[in-house]
Amino acid sequence: MNSSSSYSSSSSSTSSSSSSSCSPTAAAAAAAGLPTSSSAAFAMAPERSRSRRGPGRSKELLILASLALRVCPRAAAAAAAAEQRGLGDWQRCVFVANDHGQVLGEWLRGAAEQRFGGPLSVLHIDAHNDLNVPEASSVELKGDWLSNSSHREAVADVADLANFQQIATWAGLVDRVFWIRPGWGSPEDSVLKLGQDRSGSFSEELLNGPFNTLEHQSATARKAADAPLLRVHDIPDQSLAVPVEKKALLDRVRAEPYILDIDLDFFVEDEAAPERPPWLASGSDCPAACRRWPELACPLWEEMEAKVSSASGFLSSGCASSAVSVYRRLSLEQQERLSVLHLPEQLILANQLSTGTRPVRVEQQQMARQASRLRAFLAGLKDHPPVLVTVARSMDAFTGIFDVPTLERTVLELVQEVWGGHEDEDEDGHAPCVSYAEGTSELENMPAEHDFYP
Numbered sequence: 002m003n004s005s006s007s008y009s010s011s012s013s014s015t016s017s018s019s020s021s022s023c024s025p026t027a028a029a030a031a032a033a034g035l036p037t038s039s040s041a042a043f044a045m046a047p048e049r050s051r052s053r054r055g056p057g058r059s060k061e062l063l064i065l066a067s068l069a070l071r072v073c074p075r076a077a078a079a080a081a082a083a084e085q086r087g088l089g090d091w092q093r094c095v096f097v098a099n100d101h102g103q104v105l106g107e108w109l110r111g112a113a114e115q116r117f118g119g120p121l122s123v124l125h126i127d128a129h130n131d132l133n134v135p136e137a138s139s140v141e142l143k144g145d146w147l148s149n150s151s152h153r154e155a156v157a158d159v160a161d162l163a164n165f166q167q168i169a170t171w172a173g174l175v176d177r178v179f180w181i182r183p184g185w186g187s188p189e190d191s192v193l194k195l196g197q198d199r200s201g202s203f204s205e206e207l208l209n210g211p212f213n214t215l216e217h218q219s220a221t222a223r224k225a226a227d228a229p230l231l232r233v234h235d236i237p238d239q240s241l242a243v244p245v246e247k248k249a250l251l252d253r254v255r256a257e258p259y260i261l262d263i264d265l266d267f268f269v270e271d272e273a274a275p276e277r278p279p280w281l282a283s284g285s286d287c288p289a290a291c292r293r294w295p296e297l298a299c300p301l302w303e304e305m306e307a308k309v310s311s312a313s314g315f316l317s318s319g320c321a322s323s324a325v326s327v328y329r330r331l332s333l334e335q336q337e338r339l340s341v342l343h344l345p346e347q348l349i350l351a352n353q354l355s356t357g358t359r360p361v362r363v364e365q366q367q368m369a370r371q372a373s374r375l376r377a378f379l380a381g382l383k384d385h386p387p388v389l390v391t392v393a394r395s396m397d398a399f400t401g402i403f404d405v406p407t408l409e410r411t412v413l414e415l416v417q418e419v420w421g422g423h424e425d426e427d428e429d430g431h432a433p434c435v436s437y438a439e440g441t442s443e444l445e446n447m448p449a450e451h452d453f454y455p
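Our numbering puts the sequence shown at residues 2 to 455.
Among the hints, erroneous ones may be present.
[Said to hold, decoys possible] Distance condition first, Cα-Cα at most 30 Å in a straight line; then the derived DSSO-like pairs of lysine-lysine:
hint, residue 1, residue 2
1, K308, K247
2, K383, K247
3, K194, K247
4, K248, K383
5, K248, K308
[Said to hold, decoys possible] Simulated restraints, written as ranges between beta carbons of each label pair:
hint, residue 1, residue 2, range
6, A249, K383, 42 to 52 Å
7, V243, G144, 40 to 50 Å
8, G201, S150, 16 to 26 Å
9, E136, E306, 20 to 30 Å
10, P455, A242, 39 to 49 Å
11, E334, E364, 44 to 54 Å
12, E303, A377, 44 to 54 Å
13, R330, S202, 43 to 53 Å
14, S332, L207, 52 to 62 Å
Everything labelled a hint here was simulated from the structure, so no lab data went into it.
Treat the numbers as computed from the prediction; the structure is a model and nothing was measured.
Don't be surprised by glycine CBs; every beta carbon is placed ideally from N, CA and C.
Sequences are here, hints too, so could you generate the full structure?
Put into structure tokens, the structure is as follows:
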């Protein structure tokens, strides 16, 4: 499968339903192959450290939480039937988003469709842990998002690219994160206790101590104070080559349903990361933007659209004017090539072209080594597939736009190789299908470097 045409695109639907819990009934349903119930854009984007090192590299790495092995009958039954069901109990299509914060809406939608209120795990493959403490919010995150689609949308709207996993924990959907990051080192565990005061401000407390003691303390604290507890395992990807570490992680992931969540910036070294987009550049006077940059119904994009399409040769100084100016200097053929992209994507590309130099690209051999380690690890989960697969491009500031096609194709092919297709695969056996978030162009429309650089 060497081209984007190997994957069909699809849009996901939304439905509302009520919650149920992990039970023998649910386990029997899973064994029978049925759905397992019980089972902005910003004016300034949240900061995410680009350091690859382990403990001490930033505050976000101090909130790492430990993973408890909690075996549920449903998980065992699901594993037994997984090979017959193929990829994904909830959604057969891989969900691809430009902004990582957009995936929470898909997680909540899938859970509501299956009447599953949690908890589950996230196998989070990313250069960043995306566990920032959320900003204060008046939205009731523990509310009835399972049956109320409006409330579900409100919860999803609180999330951004750096805090969506804590929001998912507050909602009760997630209780542990397996964070696989680039680099060396040994896996580390601890437990994070989340809090919120009467004003709506969120907080976090890192619990320390022996793993077994923490598990007992966590259960006691949760029962006493109804405090969300999040366990996170920080796993340098090169530790996956150590058999004992790999087996321990596989055993933990198998303990409950999980979402496979991959950010393409996992493969991106610091020198290959792009510049911040023009609407996030320091000192720009951009108007207030939507919470997530791919959201198209936004005053910022209306202003940019007017600048791009204006017949006037005059461009005032200020927000993104340099990028718009570069766009106007492109040949008609190049502008036509960009026309298949959404406006924010066009401006990201124009901003890259404004540098006048070729971008530094992801090193292919390094990417191949990382993909090989992931493939070998995920093969150990062949009989325990994820309920959902979500992919973030993060090309606003973390993944170069010209690297997206190769990286995304690599991830889609990896998923296909491990879990195969479904009963609705095409005659060539190509799978999985792909659905795209708002403001996210299809893979086949993403630009190639040779279209713009001689």
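Checked hints:
{"no.": "1", "hint": "K308 to K247", "verdict": "52 Å, violated"}
{"no.": "2", "hint": "K383 to K247", "verdict": "14 Å, holds"}
{"no.": "3", "hint": "K194 to K247", "verdict": "27 Å, holds"}
{"no.": "4", "hint": "K248 to K383", "verdict": "14 Å, holds"}
{"no.": "5", "hint": "K248 to K308", "verdict": "55 Å, violated"}
{"no.": "6", "hint": "A249 to K383: 42 to 52 Å", "verdict": "18 Å, violated"}
{"no.": "7", "hint": "V243 to G144: 40 to 50 Å", "verdict": "43 Å, holds"}
{"no.": "8", "hint": "G201 to S150: 16 to 26 Å", "verdict": "23 Å, holds"}
{"no.": "9", "hint": "E136 to E306: 20 to 30 Å", "verdict": "29 Å, holds"}
{"no.": "10", "hint": "P455 to A242: 39 to 49 Å", "verdict": "41 Å, holds"}
{"no.": "11", "hint": "E334 to E364: 44 to 54 Å", "verdict": "30 Å, violated"}
{"no.": "12", "hint": "E303 to A377: 44 to 54 Å", "verdict": "48 Å, holds"}
{"no.": "13", "hint": "R330 to S202: 43 to 53 Å", "verdict": "47 Å, holds"}
{"no.": "14", "hint": "S332 to L207: 52 to 62 Å", "verdict": "54 Å, holds"}
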